[in-house]
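Reconstruct the complex from the two isolated chains, following the hints.
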Amino acid sequence: MSRKHAIQVQVNGEVHDALVAPRLLLADLLREELDLTGTHLGCEHGVCGACTVLVDGRPVRACLMFAVQADGCDIQTVEGLARDTELHPVQQAFNDNHGMQCGFCTPGFLISTVALLEANPEPTEDEVLDMLGGHLCRCTGYQNIVASVRQAAVDLRREGSQA
Amino acid sequence: MKPADFEYVRPSSVLEAVEALAASPDDAKILAGGQSLVPMMNFRLATPALLVDINRIPELDVVEARDGGIVIGAATRQADVEASALVLQHCPLLAEGLGHVGHPQLRTRGTVVGSLVHADPAAETPAVALALGARVTVSGPGGARTIAAADFFETYFTTDVAPDEVATEVWFPSAPEGSGSAFVEIARRPGDFAMVGVAATLRVADGNIVSAAVAVSGMADRPVRLGGVEAALEGARSDVATFAAVAPTAADEEGLRPSDDVHATGAYRRTVLPVLVEQALTTAARRAAGTGERNGR
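Protein chains in written order, with this note's numbering: chain A, 1 to 163; chain B, 1001 to 1297.
Read the hints as simulated data drawn from the structure, not as lab findings.
Quick reminder that beta carbons are idealized off the backbone N, C-alpha and C, glycines included.
Among these hints, one or two may not hold up.
[To be verified] Only pairs whose alpha carbons sit at most 30 Å apart, straight line, appear in this in silico DSBU-like list of lysine-lysine: (1) B:Lys1002 / A:Lys4; (2) B:Lys1029 / A:Lys4; (3) B:Lys1029 / B:Lys1002.
[Said to hold, decoys possible] Only some residues are given here: those of chain A computed to face chain B with a beta carbon under 8 Å: (4) His5; (5) Glu44; (6) His45; (7) Gly46; (8) Val68; (9) Ser112.
Isolated chain B, as found in the complex (with noise of 0.2 Å):
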């Protein structure tokens, strides 16, 4: 259970970065917090001729307040986003949802554009983006474009970003005032990939929901949008009998195949993700509600 031979390189800056990927896209691969793929290396699932090290890029280690929302740079570990007073001020989601990814020994080293990039279909980060809307700058030899997470999730382990390109930040933008969210997951054990997750934002003027956005894992090959739901929530009361009315309808949703796996049939998930989308939409609108409860963790 080693991993099999391969060069290294450690550049400086996001441009060697992207030179040393250009000598050979197809058989590189950006190495961040390594979580998920030195694991899949050392199975040797994963035999990369070259890592490109980007840990010591100064540039990409950044948590910053920029364009209505929050910077996360490309090297910055998920415990420094998850303890971040920006971010849970400005995007709890987020930190809640980091809250549940891996082990706290995981996130020391783990990144959050890096869970992005993986895009396994049953982590948290990228729920937490497609519900927010978050954005992903990617740098490639033709110069940098931003992908919006509606557009960056292709499949299974899948995104937008070509292999002569290095995702650099993302940016999520800040919950508006009168605005609550939650994650919900569950999982066999804490830690574990979860079986289903629900990422949740509401906002609410005068009891009333303005808008929302919910995002689940684990139900499909990339995580979904539940847009029905979405649409119903528009204009409803915040309050619980709302919830308990829209919620069941979470399981019809277009786009929804969850698979049968070692951790949960198919036919389990869609059982148990109206009772997850009740929880958390109820915690977001006692969160919007403002009735000193603080957002995320």
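This is chain A alone, in the form it adopts within the complex (with noise of 0.2 Å):
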């Protein structure tokens, strides 16, 4: 067996010590270390993009990297979204559209969209299509989860300006 790392990582806001083996991925180090289950493991190549967490606030494959690359980083995953118990404005918008069905996909695409916006708070429709070109959704026929983008993309604007 290889030699293990010990890692610190801070994940929605807590802090977490790890020792990790160097093949443990950062999405079963979410998972299986930490219990943070809202993180979904489709295909681990890097293609569904339902494992998508925030590293350092850009979106990352999970599956995709090494836990013991995080050493240091500062995560966020879907659990880390809802202010106690009320949803981020994107998790609200997803609500609203019916953008999403049976859900498994849903936690990479509302990362993906909290990167977006907090990037590009008024995205074309080109652009919102190239980042959820990154994701894929087996249910929705995707035009659901491109509306929910929309309002997010609105509300979170007029929520900027009233803060």
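Here it is in structure tokens:
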């Protein structure tokens, strides 16, 4: 067996220390060690996007990064989006627009939408599709997901202007 | 679908990385963005005994102007290169090509140098590097050396980089005054590996083509320069009649051996190539003429 490595990661604002084998994927650290099972694993080779999390603010495939590489990083998962019992505006928009059916892919879509709207509060249609293109959904046909992102953009801008 | 066991080291300098590789060059792999390597490890198509993680070597995270071009370090993310004002100004073809690489969520980790060393014949960045005459610098036990793009790509997933060497940076020449470029490709879906891609750049003076470079992906075991097309363009008028006349000859160029695979037949690739060449040249010429359209994205 390979040597294990001591790492420290901040996940949704909480600091965690862990001793990890190099082969442990970031997604499995989150799911198996930290019990944050909202990050879903679909394909495990970077195609489906279900495992997307924010690493230092940027959307990243948690199945294509080793936990040991996340040492010192700030990670946000879908569990970190809601504020207490209140849904994040992006979550609320997906709820309002039926932007999900079975929900398996949803955590990844939510995380990428948060990242997109953080970097670009008024994305064009092409920019929305470019970002959503990195995710697969086998239920919805995508139209309601696109509608969700559009509503979230409006809601976040309104929230920002009131802040 | 989990990777096999391996040892992991995270050097803080190129020298340390070279030393780590030297210990077991045949069983070790460099880990940069990992967006091609880790899927292969998850499938156990790759089972390296040692990963040398170069992501935290400060000297490798760089985008800067140098020697009449742009230097990009081996740990610099595609997303950062794509958004770099320096790159957009001096090397718009690279920025445009990167826009077609996977999806935004992959380009936040993936690296330009990693794409070159991975050398997937369907990939965008190798074709851009070949069209522009990029140069890759590698470091090994014997020191550093620089490899021209024309000598870099050998065959499928194989480059001139030796097992005990690490690619540290790539240099792309700045686009000269009066030039325009374009990258076009055809894929089943945006973000998929393209069936065929074309990277083209033209330098135009007084409406005449002074020089042309056209490289294609997906048409052989590595990216290929279309020497015949380039020769036919040089000295000709930069107009749609020229491109319509020259583009059909692209399919007959030497060195094209398009394969049949799940995405397309070789015959289809050969048929679609001239269409893409004509599109790329037409767009590059429009940008060279400076009709207000910015190069690239």
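Against chain B, with CB atoms and a cut of 8 Å, does the hint on Glu44 of chain A hold up?
-> Holds: closest Cβ of chain B sits about 4 Å from Glu44 of chain A, inside 8 Å.
Residue hint Ser112 of chain A, partner chain B, criterion CB-CB below 8 Å = holds, 6 Å
Given hint Gly46 of chain A near chain B, where the shortest CB pair must fall under 8 Å | holds, 5 Å
Is the hinted pair Lys1029 of chain B and Lys1002 of chain B satisfied, with a Cα-Cα distance of at most 30 Å?
-> Holds, at roughly 17 Å.
Was the hint right that His5 of chain A lines chain B, CB cutoff 8 Å?
-> holds, 7 Å
Given hint Lys4 of chain A paired with Lys1029 of chain B - CA-CA distance at most 30 Å | holds, 19 Å
With chain B as the partner, please determine if His45 of chain A meets the hint condition of a C-beta pair closer than 8 Å.
-> holds, 4 Å
Is the hint on Val68 of chain A kept, meaning its closest Cβ partner in chain B is under 8 Å away?
-> This hint holds: Val68 of chain A lies near chain B, its Cβ roughly 6 Å from the closest one there, short of 8 Å.
Given the hinted pair Lys1002 of chain B and Lys4 of chain A, is their alpha-carbon gap at most 30 Å?
-> holds, 17 Å
Of the numbered hints listed earlier, not one is contradicted by the structure.
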